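Asks: Residue numbers (this note's numbering), protein chains in the order written: chain A, 1 to 239; chain B, 1 to 239; chain C, 1 to 239; chain D, 1 to 239; chain E, 1 to 239; chain F, 1 to 239.
Treat the hints loosely; a few may be bogus.
To be verified - 27 Å max Cα-Cα, derived BS3-like pairs, lysine-lysine: (1) 170(E) <-> 234(E); (2) 170(F) <-> 82(A); (3) 170(A) <-> 193(B); (4) 82(C) <-> 82(A); (5) 170(C) <-> 193(D); (6) 105(A) <-> 193(A); (7) 82(A) <-> 82(B); (8) 22(F) <-> 22(D); (9) 193(F) <-> 170(F); (10) 22(A) <-> 22(E); (11) 82(F) <-> 82(C).
Just so you know, these hints were derived from the structure itself, not from any lab.
Only a predicted model underlies this, so the values are computations on that prediction, with no experimental measurement involved.
Protein chains: 6
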Amino acid sequence: MRPSGRALDQLREIRLETNVNKHAEGSCMARFGDTHVLCTASVEENIPPWLRNSGRGWVTAEYGMLPRSTNTRSDREAARGKQSGRTQEIQRLIGRSLRAVTNLKGFGERQVRIDCDVIQADGGTRTAAITGGYVALHLAFQHMKDIGAIEELPFTDQVAAVSCGIYQGKEVLDLDYAEDSNAAADANFVLTKAGGVVEVQGTAEDVPFQRSQFDELLDLAEKGVAELCAAQAKALGLA
Amino acid sequence: MRPSGRALDQLREIRLETNVNKHAEGSCMARFGDTHVLCTASVEENIPPWLRNSGRGWVTAEYGMLPRSTNTRSDREAARGKQSGRTQEIQRLIGRSLRAVTNLKGFGERQVRIDCDVIQADGGTRTAAITGGYVALHLAFQHMKDIGAIEELPFTDQVAAVSCGIYQGKEVLDLDYAEDSNAAADANFVLTKAGGVVEVQGTAEDVPFQRSQFDELLDLAEKGVAELCAAQAKALGLA
Amino acid sequence: MRPSGRALDQLREIRLETNVNKHAEGSCMARFGDTHVLCTASVEENIPPWLRNSGRGWVTAEYGMLPRSTNTRSDREAARGKQSGRTQEIQRLIGRSLRAVTNLKGFGERQVRIDCDVIQADGGTRTAAITGGYVALHLAFQHMKDIGAIEELPFTDQVAAVSCGIYQGKEVLDLDYAEDSNAAADANFVLTKAGGVVEVQGTAEDVPFQRSQFDELLDLAEKGVAELCAAQAKALGLA
Amino acid sequence: MRPSGRALDQLREIRLETNVNKHAEGSCMARFGDTHVLCTASVEENIPPWLRNSGRGWVTAEYGMLPRSTNTRSDREAARGKQSGRTQEIQRLIGRSLRAVTNLKGFGERQVRIDCDVIQADGGTRTAAITGGYVALHLAFQHMKDIGAIEELPFTDQVAAVSCGIYQGKEVLDLDYAEDSNAAADANFVLTKAGGVVEVQGTAEDVPFQRSQFDELLDLAEKGVAELCAAQAKALGLA
Amino acid sequence: MRPSGRALDQLREIRLETNVNKHAEGSCMARFGDTHVLCTASVEENIPPWLRNSGRGWVTAEYGMLPRSTNTRSDREAARGKQSGRTQEIQRLIGRSLRAVTNLKGFGERQVRIDCDVIQADGGTRTAAITGGYVALHLAFQHMKDIGAIEELPFTDQVAAVSCGIYQGKEVLDLDYAEDSNAAADANFVLTKAGGVVEVQGTAEDVPFQRSQFDELLDLAEKGVAELCAAQAKALGLA
Amino acid sequence: MRPSGRALDQLREIRLETNVNKHAEGSCMARFGDTHVLCTASVEENIPPWLRNSGRGWVTAEYGMLPRSTNTRSDREAARGKQSGRTQEIQRLIGRSLRAVTNLKGFGERQVRIDCDVIQADGGTRTAAITGGYVALHLAFQHMKDIGAIEELPFTDQVAAVSCGIYQGKEVLDLDYAEDSNAAADANFVLTKAGGVVEVQGTAEDVPFQRSQFDELLDLAEKGVAELCAAQAKALGLA
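So here's chain A without its partners, still in its complex pose (with noise of 0.2 Å):
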């Protein structure tokens, strides 16, 4: 019944590619099928000003398409002069996911970027670039541990996003564009290893959904996280 062919609660084909970029201190392309998200961490010395003398760093991320990742062109947002609320909201929602299990305490008076630019989209770029985030980051904090700059990896979990929804009334899993544009309410979850609830953002299209359904795409996401940190692990080199 999914345009892809795929079971109702099956993730696409992910591939997480590591160490994709030669200048930065971690990488990954993460692949959701056609959604390509090229993710870089970059750790920078100098810090926020209203951090300074905290002894806590910081994790920030920013967000981009490229103009033909999409179906149609889009405008290019440096041309426009300004990045689009949807955009902004998608960077601000990476930064705190990395951040809800980072000890910001852990590394030092630094700054990661995480710098997240789908180079081609069909569907979910914001749970790509928070799933392909998460490795650029562990890249980097390893990075800054074989050269001495920490002792330990400051994580305190592991990350990943999917999204769910609702399409031709079935609850499904890892919407991808042709799910995505028809279904009745799509929502993301950013959940970690452990179980925990990072964030949430249900939203319904046409009509409001029920609680019930909404529980269903919580199961669903469970699932799918579940998986997306095997993979990452295995990417890592973990597993």
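With chain A's structure known, arrange chains B, C, D, E and F on it following the hints.
Replies: Just chains B, C, D, E and F now, kept in the frame of chain A:
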């Protein structure tokens, strides 16, 4: 245990004052305790280009905070030359929430703009804006009906919003600023009178929260929104 | 002969409501008939760079209109990304007017920001802003005195403002929108209680006006400002 | 007593050089002593949307200062990305002043843009701009008459501007920078040849000025504008 | 002597991978060693206003660098709110270069936008962009021919670009970043397969270079462009 | 054959008027026929952050066109809120050209800003700007020497610029607007008195040009720049 002395499941004092602006087709000053949001609804005959000849109208929202609505003065967004990511996120949320209960084919090719301006802030400005925005929109549609522009109010349901969060380990309803700035997690729920879920935005600040906690927050929200819907009906003279 | 039925030299109903904002050091809702301007005074410890180590403080103002404060909704300046020339002209005027009666050496190296936000407009918003801005500033200085930050209020005089114009061939005081939009000429006068001229801005709309007419407008303004100063004193509990 | 040795009621050397630009329909380099403002008038066939089919034309102005027109170099407004409040205030003033002596129904649905660019500044740039702008506009209308586009010049009067101020306790005419930066008060007067008042902008810098002083400034301005009108007429070959 | 061990007249490894984007009408990942530029061609039916009813089409280009494409992370232009002078210079160059070999009358009133996004930078990004941009444009025209929109490819010649410079006193071909940042002079040459000069941009960094040196750089460029044209033909399946 | 009647290798009338601005440390009105560019040099004691404590100074340039310097009025860049790509390209070129003949270690940690403002345009504004900018810079350095700030002028050579192009099949020197707008190709050459090449920017408009043609353009440029260097020396009283 709450700074305000409220019970865990108790809303702040809710006041929805109607017709507070002599120019707007609909207006409401929504007060959730010390949070005061002025909501106006402006009916315009012109419509976004992508809706021309579609037979549909549009409802959109803008949000702003007066510089000294907050404890510490914030820069004026007009002076800085751009709206923050937070502002854009909130105004998109308000617009989606109101459209979710509106039949866009029911009021011609017109646009209704809801302006939500925070006169004084004490936590929960977006939920007050949605709750008051519904009242302003209702009054504007009533005005259109009174002048014969439409035959019936194009609503499919009634909508209101409230925040819930985990404060000192307890789930509480309708956080004020003192609670919000110390909450472990908080969530905004936009629900309909009929019990549908329009939007859920849950965010863990420090540590992820558990699924069971999230369920309890939703229980609180259902109670709070029922009371808010009753207050809306009363303000509109419908109850 | 005036649309409102007022006498030629009659002000609109003036209401200056104090302490309308729980956060600001001083605040005043200034109502000139249906023109309502919320004025807040925010005391900041940091000062513009060019005044550091000068022993002087600074008073500055910002001005804005809510989008639906006007009969037809105006675009939000924050959304357009810049303040109009009119806005900048008015906020510079307010700042100059208040500084003209303030001893800048009398409150340390601090800055007081006056925010004047038009909640509802019906002509004369800048004069209401100056008149209410003085009240807010006075309350902020009183607050500083109460907490021991200064020993006496650093005012050299008291200031208020009013518009006058030529409507249907007659000189009239305190134009409302119906008059303002049809006036042959209008002028804004910022005068002190002691009779000094702080600012005069006279503009002929269609045809230049005569010097004798200008003199009559100034006579009207002196009468109006005297009444406004009395209203300020009463609102501040000084009369 | 004046730094320049001028009498209290003496203008600087006034030079109004015409046709200084090979492209513009009218142009004038207006020199008030060391203040040099290049004024060009550009006739355009297209008109602002709100005037279409009104049978009326429009006259508008823009103002700019070259970065090193001032003693200390100022930032280029094009590089900063926005025009200052002062720039906008001045260009609005120039436009209003010229429209006040123009019959907008007398030259078809056309727009004349007056560009006033300060090549060198020594005080009084806005008054030089208005005085030179009138000459440029006159030449452009003369050009339109010469090519048969209009039958007569659509002027209702002749306009010029001058500043006056209180310098070391004395009322003086046409302040230069040395005076302007030390004046207790200054005012700009835009007057017509027939004696009408088009614009008055008086500002007290440190202490308010008295009504009697203001009257003396206006006396000086009337004398100065009469001389400027004579200089305009001579430059235009009308005297 | 070159850091990479290349001969003086040796290009880096050139890879031109086609059809790397599922949405674009034409696409090419151009790799000049470690410099990777993703080029997409988007065909649009609407055209700039000044070309309407001219019977001509238009080819234009945009250029961007991902923030961490460089060794040290650069600010995102979309976040800064404007494109740098360098970005604008490069995208204008790419557009002119491609238009110089395109018959603008040969593909109807359509616009082709070439987006060149630097995924990883190691010197020579603009020359890789032009070389890959030609391939993307060729594929887009081929696509238009395949669907019957045009009858033949509207090219008048084939174009590619390469940089040359003076490194440690020697003329070298195709500078990488290690060379570029230490070159005494460098020049970008855009040449056609038929031997025409489309664009030459030579810049002396520290000391001017001699005319004889400039001639040698052009010799190198002719050799390099011939090889690049062969690589383009091979990638397009034409050789 | 040239619209102006000039010989193929003949410059327009060149006038370099010095000390045209009473404020600037150096200034020159450069006139190439009807192209008039006002160049001022401003010496500033503060330097860009990245040069602090380097022992080096900096020379930079800004460029602008008055709105009616062109035949058809152009929008004011300050009003549009950004500088065009062309403006940025030109001001970067001017800065590089002047730095190429300046010993940046020879005038302390100071910055000299060259402002080049086009008062009237008739083709070749950037070459007039470079040629006049050198004169302004020379005068500013001479001023610094006169007041004892430096001991000798920190020039390593003398620089000037001229455009050449292919007009009606012939190579011509110093294109005016009538030629420039109809040229098949045009190139700007920045050369030193000693014969060095500082910048070459050649662009084919319609069809690529041949290498032999490019050589002829360079021959013409060498002749032109020699004459311009002589004019600079004469204006500076050095010849």
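Asks: Indicate, hint by hint, whether the structure satisfies it.
Replies: Now the hints, each set against the structure:
Proposed proximity of residue 170(E) and residue 234(E) is contradicted: the alpha carbons are some 31 Å apart, above 27 Å. Pair hint residue 170(F) plus residue 82(A) does not hold up; C-alpha atoms about 46 Å apart against a cutoff of 27 Å. Between residue 170(A) and residue 193(B) the CA atoms are separated by roughly 24 Å; this keeps the pair inside 27 Å, and the hint holds. For the given pair, residue 82(C) sits about 13 Å from residue 82(A) by alpha-carbon distance, which is consistent with the 27 Å threshold.
Of the supplied pair hints, the one linking residue 170(C) and residue 193(D) holds, its CA atoms being roughly 24 Å apart against a limit of 27 Å. At most 27 Å may separate the alpha-carbon atoms for a hinted pair to count; residue 105(A) and residue 193(A) meet this at roughly 21 Å. Our distance criterion of 27 Å between C-alpha atoms is met by residue 82(A) and residue 82(B), whose separation comes to about 9 Å. Of the pairs offered as hints, the one joining residue 22(F) and residue 22(D) holds, with about 25 Å between alpha carbons and a cut-off of 27 Å not exceeded.
Distance restraint check for residue 193(F) and residue 170(F): the Cα-Cα separation of roughly 26 Å lies within the 27 Å cut-off, and the hinted pair is therefore satisfied. A threshold of 27 Å between alpha carbons decides the hint, and for residue 22(A) with residue 22(E) the separation of about 25 Å falls inside it, so the pair holds. For the suggested pair residue 82(F) and residue 82(C), the alpha carbons sit about 13 Å apart, so the restraint of at most 27 Å is met.
In terms of the numbered hints stated before, the structure departs from hints 1 and 2, listed from lowest to highest.
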